[in-house]
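Number of protein chains: 2
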Amino acid sequence: MESCVPPGFRFHPTDEELVGYYLKKKVASQKIDLDVIRDIDLYRIEPWDLQERCRIGYEEQSEWYFFSHKDKKYPTGTRTNRATMAGFWKATGRDKAVHDKNKLIGMRKTLVFYKGRAPNGQKTDWIMHEYRLESEENGAPQAS
Amino acid sequence: MESCVPPGFRFHPTDEELVGYYLKKKVASQKIDLDVIRDIDLYRIEPWDLQERCRIGYEEQSEWYFFSHKDKKYPTGTRTNRATMAGFWKATGRDKAVHDKNKLIGMRKTLVFYKGRAPNGQKTDWIMHEYRLESEENGAPQAS
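Protein chains in written order, with UniProt numbering: chain Z, 1 to 144; chain F, 1 to 144.
I should point out that these hints are in silico values taken from the structure, not numbers from a laboratory.
Just so you know, nobody snuck in bad clues.
The list treats identical chains as one, so a pair stands whether inside a single copy or across any two.
Once the Cα atoms are required to be at most 20 Å apart in a straight line, the calculated SDA-like pairs of lysine to any residue come out as:
(1) Lys31 <-> Val5
(2) Lys103 <-> Pro7
(3) Lys101 <-> Gln61
(4) Lys109 <-> Pro47
(5) Lys109 <-> His69
(6) Lys101 <-> Ser135
(7) Lys96 <-> Leu111
(8) Lys26 <-> Pro6
(9) Lys26 <-> Pro7
(10) Lys101 <-> Glu60
(11) Lys101 <-> Gly8
(12) Lys31 <-> Pro7
(13) Lys26 <-> Gly8
None of these values were measured; they are calculated from a predicted model.
Pulled out of the complex, with its shape left as it was, chain Z reads as follows (with noise of 0.2 Å):
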């Protein structure tokens, strides 16, 4: 990273790279210019532990990015898992819009993690945003 990218940048990506360039390119296995997003796997890794995970270079950092597959809560439902050992992510608030100029190309859920054990489970103060694509024609009418 350090040698490739000059001086004086950051990687401080809007919701329309994150979704039309990184996970466009990710869900189409094409080649990313720039390793600055690393693979996870989000169930079995804590949100402490990302940090170490996800760092880019060498900077102070207070976001973290990454892609990771969903995971099923049962092998035949469409529910999604999203326990660690430690605690869950739990969905808060809409999912938002994601827009390249006026197209609508994704969608940003956002959650927060919980220690313990749903529905049980005490509020933290990490945050999580989940982007996946999404196009007029697939989108959910409730989302956009």
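Mind docking chain F on chain Z? Use the hints.
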């Protein structure tokens, strides 16, 4: 620019990077990897025209970076002339030391733009940080 740095990267250099990499290379006439900092003549350009000249890519910016030679007020003197057609840049506060680890590498002067002519003139919201190389050996004692 756009074609060299991957999506999501923004130019947000630290004082240390500006002095220790960009200014140092410029003064030594060394090649800078990416031509992000433009050469301008500060005495022939008004602050509100900098935006157009110092644009990086297509980003909305609220800060602009440039190199400019210092102009002498009088050919034989050491006083610096920082007047433009519309006004002048006036130093404010104390100069700030710029360190690389614990080593002094430069100084940062803060200036405010006034419309009109000194000693009158109307203060504006335009702020400039002027960086210079400096080391312990040549450092002015009042500036530390």
